[in-house]
Amino acid sequence: MMKKLALVTGAAILLLILLLALWLISRPDRGTTGAVSTQFRWIGPNDKIVVDGFDDPKVQGVACHIARAQTGGVKGALSVAEDASDASIACRQIGPIKFLKEFKDGEQVFDEQRSLLFKSLQVVRFYDRKRNVLVYLSYSDRVLTGSPKNSISTVPVMPWPPPETGAVK
Numbered sequence: 140m141m142k143k144l145a146l147v148t149g150a151a152i153l154l155l156i157l158l159l160a161l162w163l164i165s166r167p168d169r170g171t172t173g174a175v176s177t178q179f180r181w182i183g184p185n186d187k188i189v190v191d192g193f194d195d196p197k198v199q200g201v202a203c204h205i206a207r208a209q210t211g212g213v214k215g216a217l218s219v220a221e222d223a224s225d226a227s228i229a230c231r232q233i234g235p236i237k238f239l240k241e242f243k244d245g246e247q248v249f250d251e252q253r254s255l256l257f258k259s260l261q262v263v264r265f266y267d268r269k270r271n272v273l274v275y276l277s278y279s280d281r282v283l284t285g286s287p288k289n290s291i292s293t294v295p296v297m298p299w300p301p302p303e304t305g306a307v308k
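In short: position in the sequence shown from 1, add 139, done, that's our numbering.
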């Protein structure tokens with residue numbers, strides 16, 4: 140009986156370590172632009188608002204920045220805290236827009252785990268053909284339920300560099 144319990148416990152610990160390792164190495168490729176502390180913690184890192192930048196993998200010439208809360212303290216340091224669902228996104232044209240691959244509306248362009256297993260922050264892309272605009276939507280979801288909190292950013296598909304408007308130089 141004790142042998143069986145030790146075997147099950149060992150397997151559970153190994154599974155948790157494997158899941159943690161997978162979670163750590165599967166983080167999206169991005170660059171942290173900056174962060175500000177929002178709450179002091181005596182033990183562990185402070186709570187923060189973190190801003191990261193990322194490029195759309197299928198649309199050249201578009202860059203996005205996303206800001207979201209990051210829980211500190213002991214749970215935050217161990218990556219077991221569940222972060223808030225709030226996020227803000229801003230996307231801009233930074234060069235000539237070129238569609239590198241065909242994509243579907245609602246396709247994911249960014250994904251980040253907000254808790255160890257059950258919650259994630261996602262950014263999906265839509266193309267409004269009528270207005271010739273790319274729309275980026277950020278939202279948070281869980282395995283069973285989601286959050287209505289969301290943020291959008293739109294990027295008009297325009298020639299690059301933008302044509303002169305006749306404004307005073």
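It is possible that part of the hints are untrue.
[Unchecked claim] Derived pair list, reagent style DSSO-like, types lysine-lysine, alpha-carbon separation capped at 27 angstroms:
{"id": "1", "residue 1": "K197", "residue 2": "K243"}
{"id": "2", "residue 1": "K187", "residue 2": "K243"}
{"id": "3", "residue 1": "K237", "residue 2": "K269"}
{"id": "4", "residue 1": "K187", "residue 2": "K288"}
The hints are simulated quantities; they were obtained by calculation from the structure and are not laboratory data.
Hints versus structure:
Between K197 and K243 the alpha-carbon distance is near 11 angstroms, which keeps this suggested pair within the 27 angstroms criterion. Straight-line distance between C-alpha atoms of K187 and K243 comes to about 34 angstroms, which puts the hinted pair past the 27 angstroms bound. The hinted pair formed by K237 and K269 meets the criterion: a straight-line CA distance of about 18 angstroms does not exceed 27 angstroms. Straight-line distance between C-alpha atoms of K187 and K288 comes to about 19 angstroms, which keeps the hinted pair within the 27 angstroms bound.
Of the numbered hints stated above, the single one contradicted by the structure is hint 2.
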